[in-house]
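Q: Heads up: the sequence lines are chains A and B, in that order.
Each residue of the first sequence is one higher than the one before, counting from -7 in the working numbering.
Each residue of the second sequence is one higher than the one before, counting from 8 in the working numbering.
Derived from the structure by calculation, the hints contain no laboratory data.
Watch out, some of these pointers could steer you wrong.
Cut-off 20 Å, straight-line C-alpha distance, at most; resulting in silico cross-link-like pairs (SDA-like, lysine to any residue) [what the hints assert, rightly or not]:
1. B:K143 x A:F2
2. A:K305 x B:Q148
3. B:K126 x A:I(-2)
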Amino acid sequence: MIRNYIKIAFRNLNRNKLYSTINIGGFALGLSACILIMFYVTHEKSYDTFHEDSKRIFNVFAKTNISGDVIRMNSLSSVAAKMIEDKDPNVSSAIKIKTEYNPVIIKNPENQSQFSETDLVYTDSNFFNFFSFKLINGNPETALERPYSIILSENLAKKYFGETNPIGRNLSLRIDSTYTFTVTGISEETPSNSSIKTDLIVSASSLNTMKEAFYDMRSQIFQGGSFQTFVKLKDPEKVAPVQRSMNALAVQGHEESTDEYFLTNITDIHLLSRESTNVKYVKIFSLVALLILLLALINYISLSTARAGTRAKEIGVRKMNGASQRSVAVQFFLESAVYVFISFLLAILFTILLKPWFFSLVGIQIDSSFFFDPGFISTMVGILVLTIFIAGLYPAIILSSYQPIETLKGNFGNRKNGAQLRQVFTIFQFVVAVGLIISGIVIHQQINHLRTLDTGLSRTDVLMVPLQNTMDNSQSVFREEVENLPGVRKIAAASLPMYGGTNMYFVDDKNSDGQIPLPILATDHEFIDALDIEWSIPLQDENIATKKNSVIINEATINKLHLNPNPIGEIIVFGNSQYEVVGVVKDFYYDSPNNEIGALAMFVSPSKEFSMDFGEKSSCLFIKFRANANVSSIIKDIEGLYKKYDTENAFEYQFMDEAFDALFRSEMRLAKVLNVFIGLIVLISGMGLFGYATFSAQERKKEIGVRKVLGAKVTQITYLLSVDFLKLVMVAILIASPIAWYVMQQWLQGFENRTVLEWWIFAFAGTGSILIALATISYQSVKAAVANPVKSLRTE
Amino acid sequence: MIKITNLEKYYQTEEVQTIALNKLSFEVKEGEFAAIMGPSGCGKSTLLNILGLLDDPDGGSYLFNGIEVAGYNERKRAQLRKHNIGFVFQSFNLIDELSVFENVELPLIYTGVKPAERKERVHQVLEKMGIMHRRKHFPQQLSGGQQQRVAVARAVVNNPKLILADEPTGNLDSSNGNEVMDLLTELNEAGTTIIMVTHSEHDAKFSHRIIRMLDGQKVTENVLV
């Protein structure tokens, strides 16, 4: 019997090619989008779950209060891990990890080949016991025991040593000074869902004798520092006592400590990490995946029940021959299962084809092996079972419930409630489509608004070139030579590139005993002029800015430090030094315009070179081009000069406006991904509407025939058939517009600078969807309208 | 075998109630071949649907083999139907997606006959109907006469006690029509009770008795010998 059902399912598939393509193709597309998103979402949620003891591993966080601002830190002093391990018997082991964020120059002394790498980590010798990272070569117990041991990932080992065995060989690493390390192991590549990257692992014991680590290693008490600290608990339920032990340790070292320490499970770090937009993405994408799946399902159900009319006779015949309602239901359920299964296979094929493109769009990398992750597979099986169930159940119940005599007569497809349900489905689909089109336009508008925002400084035609300390002595020569290049209009320097964050310094608060964090920027004397930053209270004398112990502030600083409205001559205390305010610039965005403009203190160096007492090691050149300059050729020239003076570091550059745009990377990504999904949802809704129009035209064949016999024109019939659908789309627009307006208004609240929701956005989305709907149904309407009425009347 | 008493059936639309069967009573004995005649809309097909347990009456009694079935629910009717009744329709009502063999096999599947036995029985009946060579064809590939033979084959494959035929020759030319009537006569001679609705006086003459209907009521009954 089941064979008979499956056979008839396939024959139906083959007989109704248009229907099958729309139904299975549309469903597969929707499923594929859903699978891709779920692939991303489950990957995001699977971070660090591959560690065997993941349930027992916790990251130590500290909440520290600085002048009323609570700051959350995830790094502790170098001794903290050992201290908590010794103090609390609930902790079975602990480990510290320090990440080197500056680029490290790695040299193979055997052949002098040289590489610049980032993300090197220093860690304790129990690393491979503590986590579930694997060593391919080397002893996991001892590989990180001795100082100056280094473990390379498989890829890096190949890169440095080719096919030869790297164990026991030396590499020189230039961090600030240069050190020689011995390779003691080869590690497997880090899984893409690991929050700890392990391409280059160095023994933490090396830090004891590295001068760069002096400050990191100095603290001997339990407090904040440079080491990400993990503890493994014997019992994951014992979080509270361990937290208490840590707080006790903190007070032990520093009686006035108000820092609070708490544990976060390693599997939660990724999604909780402050800067990451991961949580937001995961939420939005999950919702979109659900919507796409829902729309695809609705299409499927709507088309299946719309086609009931053509299956009426078959059902009648089966019932007449003894089929019970249950067996007909089972038949339709199985048929749906077969179609859903085919769609699913097709969707997996689409997914494999679309995966690289989708991930580059979202800007993530996921190991292909994650396809076989049990969590992902079970999600897929879940989706498959759920879709089979939903897609199969409704048509099965509806189709099997008809009386055999009714079905034999063929009055079946045009039942009132079925038609109403299809109308509701169509409206829902278009509500989603219209809503998303509006959202897409608003997001696009907002990004545009931000990108073209007047930020108080000129950022067009400005190239930022970071200089490493390896160029120390040649910086001014390099700068001069760049300045003399044709096409360069102005040149300036600062301690940091724009829009990449600033350094903070704590200054005394005039109104209290506390200290206030104040972002600082060291610049040369050309900086303000070259970037067209405007003065609020200009310098009284050009040379005054470069006088020792003078500072220029922005307007926001006046409020933050509670200075006089005219603060010229006021003193700001930085540590032991006093600085006099000599000028005030108008506020400009040096950070993301998503936030309010913050306070900023600028120290202007007397010469073209500057060395501040604020620990600024590197600097950045700001090169402003003439409007008509040949940019690519100048960049080549600059690169040539750079390589002359810095042989170790790669030449890097970024346009200031691009750096600014990069602040909205996550919004731009969201917009791009959303565009694709909007396209898909419009396509799915369009397919649904097309299918619905097809069957509606079939259903009304006789009516159209009669009308034509009585003299109706083709245009009148086309209008008659189209207007019903257009009404549905209009209703959808009316429902979607206020919802989209509300949701986007909420979304815009997250921005300091926001665009206005203008009426034309809604008009545009509405008109667009009407046109799409018209284009979709016109084919069927015209086809039905021009058909020979005699034929349709005869078949009736 | 069949006894109906004061059978009633109404069709209700929003404003109008149409009486399809108006207190209709008659009896058909086992092994009988009865023809029901009457103008369009007199309730013939409604009657046949009720007799075939495809539809339920709104009033009156329907005894099938002495058992009251008028109040049966869909499940019970399906149960009774599949073991006892075969149908032949004017429009054949074959499933287009199934081959001749599979169409004929259908009632056996629903009565739970094992595959090997199904094959044997389908082959026997196809042989008998002279369409064995067409068993792998699909309905659209057959002539009207051949399609109706398939429909008859399907109706009898389960050895039903009763065959209900609704204008079995309505879509056929006279020679194909006669062949179908001969088939029905043979089946009847072999013991199957047949009730046939027809417009054709010619076809009605194959039966033992003609019941004439008008406006849902029995008008006359002629016994032919």
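Q: State for each hint whether it applies.
A: Hints, one by one, checked against the model:
Our distance criterion of 20 Å between C-alpha atoms is met by B:K143 and A:F2, whose separation comes to about 17 Å. Of the supplied pair hints, the one linking A:K305 and B:Q148 holds, its CA atoms being roughly 18 Å apart against a limit of 20 Å. Proximity of B:K126 to A:I(-2) is assessed by CA-CA distance (about 19 Å); at most 20 Å being required, the pair is judged to hold.
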